[in-house]
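Visitor: The chain contents come next:
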Amino acid sequence: MAEKLILLVEDNPDDEELTMRALRKAKIANEIAVARDGAEALDFVFARGIHAGRDVTRQPAVILLDLNLPKLGGHEVLRELRADPRTQLIPVVVLTSSSEDEDKLRSYKSGANSYVRKPVEFNSFANAVGQLGMYWMLLNETPPR
Amino acid sequence: MRFLFQGTLLQKLLGVVLLSALAALLLAMGAMLAYDLRQYRESGFADLATQAELLGRASAPALTFDDVRDAQESVELLRYRPRVQAAALYNARGKRIASYARDPAATFPTLPESDGFRVEGDSVVGFKRIVDDREIIGTVYLRADYGLHDRLLGYLGIGAVVIFASLLAAYVLSRPLQRALTRPLLAITEVAIEVTEKRNFALRAEKLSNDEIGRLAEAFNTMLAEIGRATRELEASNRDLGREVSERGRAEEEIRRLNAELESRVKERTSQLEYTNAELEAFCYTVSHDLRGPLRAIDGFSQALIDDVGDALPAETKPYLTRIRAATQRMGQLIEDLLNLSRVSRGELQRADVDVSEMARQVAADLQLREPERQVEVKVWDSMRADADARLLRAALENLVGNAWKFTGKAARAEIEIGEMRGELRRVFFVRDNGAGFDMAYAGKLFAAFQRLHSGNDYPGTGIGLATVQRIVQRHGGRVWADSKPGRGAVFYFSLEPAEPAAKFGT
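Heads up: the sequence lines are chains A and B, in that order.
Quick note: to get our numbering, add 101 to the position in the first sequence (first position is 1).
Quick note: to get our numbering, add 1036 to the position in the second sequence (first position is 1).
All clues given are correct.
With a straight-line Cα cutoff of 20 Å, these simulated DMTMM-like cross-link-like pairs (lysine to aspartate or glutamate) come out:
(1) B/1131 x B/1106
(2) A/128 x A/104
(3) B/1131 x B/1103
(4) A/205 x B/1373
(5) A/126 x B/1343
(6) B/1354 x A/222
(7) A/205 x B/1384
(8) A/205 x B/1326
(9) A/126 x B/1347
(10) A/128 x B/1343
(11) A/128 x B/1344
(12) A/172 x B/1326
(13) A/126 x B/1344
(14) A/210 x A/181
(15) A/205 x B/1317
(16) B/1442 x B/1409
(17) B/1481 x B/1519
(18) A/205 x B/1372
Sample of chain B residues lacking proximity to chain A, with all beta carbon distances greater than 10 Å (derived):
(19) 1186
(20) 1221
(21) 1237
(22) 1261
(23) 1269
(24) 1270
(25) 1284
(26) 1297
(27) 1387
(28) 1388
(29) 1410
(30) 1460
(31) 1466
(32) 1477
Keep in mind that the hints were calculated from the coordinates and are not lab data.
Just so you know, even glycine gets a beta-carbon here, dropped at the ideal spot from N, CA and C.
Required output: the full structure, derived from the provided sequences and hints.
Guide: So, in structure tokens, the structure goes:
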């Protein structure tokens, strides 16, 4: 069984770096793919565009999805993922700065598996990301193919 | 008499005149006839009595001596009196000794009767005693024509002629009278018809006489003048009414126009407000996302520096990184509080029955969970309820109880009480603590955003909590106020409904 893959959809390089650092600190050694906008995220999972030729059978075990993204927003990405039979079962964790009820509602309605706020305080942030990594990489069973 | 109630006035007048004349004539003629017939009868009787007396005197010798021939001659003389139909002489013993009759078939009474005359059919019959020297020597019998029938016929003929002539005269004479009566009446009638048809109340009936009809014309004219005046007044008042109605119509039109204008202005303002609200929401979203990102980076990379190279930094420089992190975290909290403030201002107010006691206990329990080391005696009254938006009320309680929690941090025995006062007009909830309190001189600044009455070193905070509470309470139509003394604790009161229920709008 191949190593589990994490897809991080994040446009902010600072947040990307901090997330990577938090995962490293939590000793998560899995491969982490990064998409810098919504369109790239979809290209990745459907192996097209700049990700054409990627091994499409190797899908992420979890997608960490920011909501405020250039080109295609997080909500749209989530909807497209859930609309396609190839990706509709991939676990998606919304990882965002937003604490708006509206965002939470829309995310869950669109089929998010979890909603986690990015705290400003780094230790809390690192703690949250570390726990997410542990949970989705070690505890959670991916849906069968 | 029915004709008196039909036909024209002229016919009626004529009828009355002729009837009156006829009645007068008939009465007069009847009286004359009665008088004349009585006279005629009396004179007829007297005439016959005289005739019998004369015959008796002339026949007295013959009767005394029973001379039948002489007696017969005396009786025969009566043939020169054509009125006399028959006559006879009876002697003292009652025996008829002589007789005369115009009609040979006439019969005579066998015995004489007592003196006197009477009418028998169309004749007058009577007997007369012949007295000589106080001795009855015989009786005369006479029968004569009465002539009443002829006389009556004559009278009727004359009467008919007289009545006809009189009625004719009455008729002819009454014509001008009738005309004099009816002409003024007709004149009034014509004026009345013209007034009705042309609605010209200026017309007047001509007064043609000084009698009752003249007075009628005067009264009619007075009435016309009165009607004319009343009509003019009515028309004037109608015109006034019409003007008023049209003015009212214009006013209503104006009101409708103003209403429409107001409505469009309200619509415009509403859309402006909606636009502003949308902008505000977009702004808050941006703040929530984009302002926190850089803060997280500053905080995160400061921590990374501490982790990676912290030990290599000079001892006096290393705390700077910690300070940077503390500052970014305060900034993060500020953004959080601002977002909360804006969040309680947005969205629909959803009122429902809320168990305030239960909610207050949960809020206190959360605070205890966050700071397990704190020893605070929290007293919450039982069965407090409110008609409020549960999410907003919870936010208000979190702020108020949270403040009480925070400001009792240095109290020897921290006490917090959450209760209510039920007034006649509205119910007022309160949160009381025995904490630091504040100077009432600054009470006016309590509920303004970013206003703090304590230094951040003593009691950390952003100064947005009470502004949020006020916003929540105001959205419910209520009021929030406080009472305190420095070092003696504070009481915050709030209501969730207007003092006057009628002043409740929309929410």
